[in-house]
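> As a plain string of letters, each chain reads:
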Amino acid sequence: MRIDGKGLIDRSAPRGFSFDGVGYQGFAGDTLASALLANGVRLVGRSFKYHRPRGILTAGSEEPNALVTTGQGADRTPNVRATMQELFEGLQAESQNRFPSLAFDLLGVNDLLSPFFGAGFYYKTFMWPAAFWEKLYEPAIRRAAGLGALSGQHDTATHEKAFAYCDLLVIGAGPAGLMAALTAARAGAEVILADEDARLGGRLLSETQLIDGRPATAWVAEVAAELAQLGVRVMPRTTVTSVHDGGSFGMLERVGLHVARAPADLPRECFWRVTARQAVLAAGAQERLVAFPMNDRPGVMQAGAVRTYLNRYGVAAGKRVAVFGNNDSAHQTACDLIDAGIEVAALIDSRPGTVLSELDIPVYAGAQVIDTAGRRGLTGVSVATASGTVRLEADCLAVSGGWNPAVHLTCHHNGRPVWDEAIAAFVPAPAGSPGSVPDLIPCGAATGKFTTAACLQDGQRAATEALERLGLTAGPADLPATADGTYAIAPLWAVPGKGRAWLDMANDVTTKDVKLAAQEGFRSVEHMKRYTTQGMAPDQGRLSNMGALAVLADATGRGIPDTGTTTYRPPFTPVSIAAMGAGGRAEGFAPQRFTTSHRASVERGAPMIEAGLWYRPSYFPRPGETSWRQACDREVVTVRSTVGTCDVSTLGKIDIQGRDAGRFLDLVYTNTFSTLPVGRARYGLMLREDGLVMDDGTTARLAEDHWLMTTTTAAAGEVMRHLDFVAQAFCKGWDVRFVSVTEAFAQFAVAGPLARELLDGLLDAPVDLPFMGCGPVALGGIEARLFRISFSGEHAYELAVPARYGEALWRELVTRAEALGGCAYGMEALNVLRIEKGFITHAEIHGRTTAFDIGLQGMMSPKKDFIGKAAAARPGLIGETRQQLVGLRPIEPGPLLTAGAHLFAPEAAPVREHDLGYVTSVCHSPTLGTALGLGFLANGRARHGEIIRLLDRLRDVDVLCEVTHPVAYDPEGARARG
Amino acid sequence: MANLYARSPAEGLVPLAIGTLTLDERLPGRITSVAPYEGQEAATEQALQALGLGWPAPGTGLAGAVAACLWTGRGQAFLTGIAPEGLAGLAALTDQSDAWTVLTLTGPDARAALARLTPLDLRPAAFPEGAAQRSLLGHMSAILRHCGPDSFEVWVFRSMAATAVHELSVVMRSLAARAALT
Amino acid sequence: MRIDCPLCGPRDIREFYYKGAADYLDRPAEDAGPEAWDAHLHLRANPEGPLDELWYHTAGCTSWLVVTRDTKTHVISAVRAVDAGETP
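So the sequences go chain by chain: A, B and C.
Here my numbering is used: position 449 in the first sequence is 449, and no number is missing along the way.
Here my numbering is used: position 137 in the second sequence is 137, and no number is missing along the way.
Here my numbering is used: position 31 in the third sequence is 31, and no number is missing along the way.
It should be emphasised that the hints constitute simulated quantities derived from the structure, not laboratory data.
Where hints are given, some of them may not hold.
[As the list claims (entries may be wrong)] Computed cross-link-like contacts, DSSO-like style, restricted to lysine-lysine with a CA-CA straight-line distance of at most 27 Å:
1. C:19 - A:869
2. A:732 - A:869
3. C:19 - C:72
4. A:732 - C:19
5. A:512 - A:498
6. A:512 - A:319
[Said to hold, decoys possible] DEER-style ranges, computed between Cβ atoms:
7. B:5 - A:776: 18 to 24 Å
8. B:16 - A:14: 48 to 54 Å
9. B:39 - A:876: 52 to 58 Å
10. A:677 - B:43: 26 to 32 Å
As the structure is a prediction and not an experimental result, all values here were calculated from the model.
Beta carbons: idealized from backbone N, C-alpha and C, even for Gly.
Please put together the full structure from these sequences, using the hints given.
Structure, rendered in structure tokens:
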């Protein structure tokens with residue numbers, strides 16, 4: 001029900017919206033919750049476990065009940081708190097966790113079965129048979145107990161991530177936060193002011209209090225204007241969700257969730273990573289409930305929320321409201337309602353002897369609500385008074401069990417709050433306590449100062465402290481005038497009596513569940529939490545943790561401070577994965593690295609395969625070819641018979657210079673490079689310090705003090721990091737400098753018997769290079785480098801040009817190759833060519849193999865130290881127990897082999913203890929007309945010629961293979977040298 | 001004999017104009033990485049001074065009319081726009097002319113756009129005009145340079161030009177959509 | 001988490017790569033024997049308190065750093081380049 005003349009909504013801007021398909025109207029400035037209440041909608045959801053009818057309980061982000069699904073189709077968002085969802089024209093919302101409808105929910109039967117569904121019910125009941133859990137119990141439970149569902153479609157909305165820096169981050173824009181931001185900005189600090197609400201003002205928006213003799217909103221507007229003028233970055237709709245190390249914070253900004261027909265490019269949310277030298281926590285406080293029997297009916301509400309709906313939204317939460325509390329703030333609710341002309345059924349104050357003079361309503365001091373009535377919404381309450389039980393008619397019960405300072409962020413470094421008896425609540429631990437957050441200064445209601453005057457003053461105090469630490473000076477104090485109030489409380493956590501008394505509305509946990517947990521030995525608050533699931537719902541128990549631990553403290557006979565709190569973990573409010581992973585889908589998932597030949601390869605219809613971040617062509621299909629195998633086989637045969645060309649630019653290239661470069665290479669490679677003549681290249685093997693192989697590649701000596709190292713595509717980054725480590729840690733004073741030139745050159749392999757013929761037609765001068773030679777060449781005057789190296793086993797070259805010419809050179813090479821009967825070849829053919837030759841890749845040097853394992857122990861120079869030398873010689877890393885690289889070939893032609901298959905002796909049972917090794921690489925060799933494999937086999941080098949069983953249970957492959965030398969084709973290497 | 005044509009790294013990807021921002025490619029000409037040899041730091045600096053530049057302090061760049069010298073890391077600077085004359089023997093010189101994509105992002109929202117992609121502190125005091133820092137652009141290693149009022153250079157590896165333009169265009173569109181809200 | 005790189009200034013953790021304890025800097029002689037090498041490669045103190053760690057400024061200046069970090073509080077008390085001598 002809307003109250004004339006009240007509220008901060010814009011009555012000139014009506015907003016149509018729907019809830020469960022029914023059309024309603026609210027106003028700009030409403031939340032979905034305030035608009036629903038204004039329209040008399042009280043039942044908004046069903047509870048998680050018992051499917052009990054639930055209504056709006058709060059007016060903020062701690063709301064456990066009013067979770068709805070907004071939007072349609074792919075644009076559907078579940079579990080939106082109606083109390084945080086700003087109303088916009090056309091908003092569509094649906095209730096959750098009900099079937100078939102909200103008013104008539106079949107699973108409400110769970111409520112009747114509640115005696116069986118107490119704490120630990122699932123643990124006890126569904127323990128066995130074990131197989132039933134996955135197949136039967138869990139799906140059924142998930143259907144029955146739950147929240148909103150995802151659409152099952154790709155989310156079409158965009159999200160965003162961003163970074164920000166400031167001198168001072170002020171968290172919360174209530175009186176304390178505003179005063180802190182103003183004080184700091186006036187002193188010249190760079191300030192970010194963040195508040196989760198759409199409007200600045202915090203609690204001031206919900207109260208009728210005057211500041212400087214005017215409505216508080218006038219003061220807020222004035223401050224906002226000055227902050228803008230001072231350059232303060234004011235961020236409404238922004239919740240600080242987490243505190244990390246070194247002054248860094250996570251914040252979630254709602255950017256496009258309050259907008260009708262949001263444009264596609266507008267992010268829904270932005271996840272901010274803020275780094276602040278100082279921070280002021282002015283996050284306010286949250287009102288708690290009292291656990292009295294049947295306290296979960298729609299119409300039961302925080303007393304403070306009732307004031308918010310009245311004063312901020314001009315909405316009466318009920319026609320006849322009863323107020324129940326244990327502290328002074330409940331009285332304010334009664335006063336505000338009376339002032340607005342709303343009938344107040346009674347004020348029930350649990351404190352005995354409370355005197356309330358001016359109120360012209362029934363006042364019950366020392367009384368408690370012991371029961372409620374109303375199936376789908378509150379109709380009445382029963383009150384135990386000194387003179388007996390009184391039944392009152394009421395459709396709304398405003399409850400205040402006191403206020404909890406929002407200490408959460410002060411505890412994100414595992415700090416614990418301390419108990420303050422005066423306000424019966426936890427407050428932030430003093431600065432410097434174990435786990436306290438350095439440079440985070442709490443103030444205002446977040447520290448238990450519950451009056452506006454105290455908050456204003458404390459905000460200024462906090463900012464002054466922060467400014468001192470920033471080396472700035474606060475100006476003279478300039479506090480606005482406001483009437484000071486009082487706050488007195490007598491703790492009341494639970495009211496005994498018949499019927500369930502809810503603590504955690506979101507997860508349906510009652511006082512009885514907590515007592516049962518204590519009785520069954522779950523006495524630690526952390527154990528109680530996990531046994532009952534209290535505090536484990538999306539609201540993380542923000543409304544219920546305090547009450548639950550108080551009930552536990554009582555049940556275990558300990559005090560609240562001794563019982564302690566559970567750990568406060570980030571985030572403060574739920575953060576969507578979409579926001580944290582913003583941008584990380586499709587081409588935003590990871591950087592895409594394209595070679596210079598990419599466009600030309602795609603034009604030829606080559607499917608691309610990802611190699612790390614790189615995209616490389618798999619094969620180059622020709623008309624008439626119907627499978628990748630046909631293309632691959634043709635490309636292999638072509639390279640072996642005429643000539644092929646392949647883009648190898650993705651290999652890491654490192655330019656190394658300096659007088660000590662040779663000495664440095666001797667240290668990082670197992671073999672010796674300092675003796676290599678200028679104009680020659682050598683294959684090198686690099687170990688990790690633990691003796692396992694890190695990488696391999698060829699390194700060429702371009703000039704006396706100038707070298708070019710190549711790495712594999714996969715390990716380029718790791719090798720660079722390793723070289724930097726070795727140089728900086730062990731080579732101080734050495735004259736060696738290196739830099740990556742991977743991206744500077746486009747490099748192409750030209751391989752096959754006609755490779756030299758092709759290049760002779762292309763280069764400015766005929767090719768004259770010995771095997772493993774290298775040197776400068778020119779193409780039409782363009783300087784290039786030519787290396788006579790081979791990864792195919794054929795007479796082959798690699799030609800490197802400045803990358804700008806890469807595309808042109810690639811097209812030229814393919815054209816010239818085709819003119820000679822050759823072709824372009826892709827990754828598939830490249831892989832077959834190297835398997836036929838027994839050349840290793842990271843399939844073989846996968847981080848668990850040694851030089852000995854791959855048969856390259858001869859490359860470990862005994863004449864010098866090198867990285868990994870001592871460790872590689874350890875017993876256990878050499879010898880016949882090691883699994884050694886071998887070739888594998890099926891004894892009968894036909895079957896294909898699979899990588900990942902395991903090797904067994906044919907006569908042995910194929911079980912783990914008989915496992916002799918595994919397969920790393922396989923191919924069909926068109927050259928040899930058979931399947932080939934490479935793998936590691938125990939004592940493999942001594943077993944050439946033996947028969948071994950290759951078994952792959954996953955892909956149902958069981959083949960007898962002959963163990964061979966890894967090099968299956970041209971073992972003498974005559975083709976490459978010739 | 002071949003007659004090879006050249007392509008620039010971001011050819012066909014830019015220019016883009018979205019909202020208040022423009023994104024274009026700059027071709028800085030010759031790029032030489034300069035890494036002074038042991039004990040040759042002062043001599044290298046003198047040689048660079050003879051070219052009208054000097055050795056840049058960490059995080060900064062020195063710019064002349066055509067040439068510039070940008071700090072790019074530990075013991076390393078990029079000399080751009082001119083040949084590394086007088087430096088041979090003093091420092092390891094490596095041609096990097098083709099290794100980098102240089103994108104120029106210009107407009108009043110340039111800083112806000114970059115703040116969505118790099119963890120670098122971009123506030124004027126921390127990243128003033130003339131600054132050159134290595135950091136990240138999304139997941140990519142990058143050099144960021146504040147080259148003029150409202151104008152920044154983003155250097156990424158040549159192979160990552162498409163991703164860099166994609167990421168920048170996403171934030172440019174996002175900022176334009178935010179601006180249209182108010 | 002942020003690391004104050006001696007060359008680049010305070011930077012976000014994303015720019016760094018973590019290697020392990022700074023023990024890797026004390027490389028034994030080639031012939032130091034299996035025990036010394038085993039200790040170098042595998043034996044690590046696990047203190048509750050300050051620990052010298054190796055971090056690489058991979059997306060920055062490419063310096064290898066010795067970062068003294070408190071394993072309990074994550075507070076970083078000192079950062080130096082590995083080739084800049086001992087931590088004072």
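> Hints first: check each against the structure and report whether it holds.
So, going through the hints one by one against the coordinates:
In summary, the hint linking residue 19 (chain C) to residue 869 (chain A) is supported, as the alpha carbons are separated by about 20 Å, within the 27 Å threshold. For a cut-off of 27 Å, the pair hint linking residue 732 (chain A) to residue 869 (chain A) stands: about 20 Å separates their Cα positions. Taking the CA atoms of residue 19 (chain C) and residue 72 (chain C), the gap is near 19 Å; set against the 27 Å cutoff, the hint holds. Among the hinted pairs, residue 732 (chain A) with residue 19 (chain C) is consistent with the structure: their alpha-carbon atoms are about 20 Å apart, no more than 27 Å.
Taking the CA atoms of residue 512 (chain A) and residue 498 (chain A), the gap is near 11 Å; set against the 27 Å cutoff, the hint holds. For the hint pairing residue 512 (chain A) with residue 319 (chain A), the CA-to-CA distance comes to about 32 Å; that exceeds 27 Å, so the pair is violated. At roughly 22 Å, the beta-carbon separation of residue 5 (chain B) and residue 776 (chain A) lies within the given 18 to 24 Å, and the hint holds. In this structure the hint that residue 16 (chain B) and residue 14 (chain A) lie 48 to 54 Å apart at CB is violated, the actual value being about 40 Å.
Judged by the Cβ atoms, the range 52 to 58 Å given for residue 39 (chain B) and residue 876 (chain A) is violated: they are separated by roughly 45 Å. Range check, residue 677 (chain A) to residue 43 (chain B): Cβ separation about 30 Å, and the 26 to 32 Å hint holds.
Violation of the numbered hints given earlier is confined to hints 6, 8 and 9; the remaining hints are satisfied by the structure.
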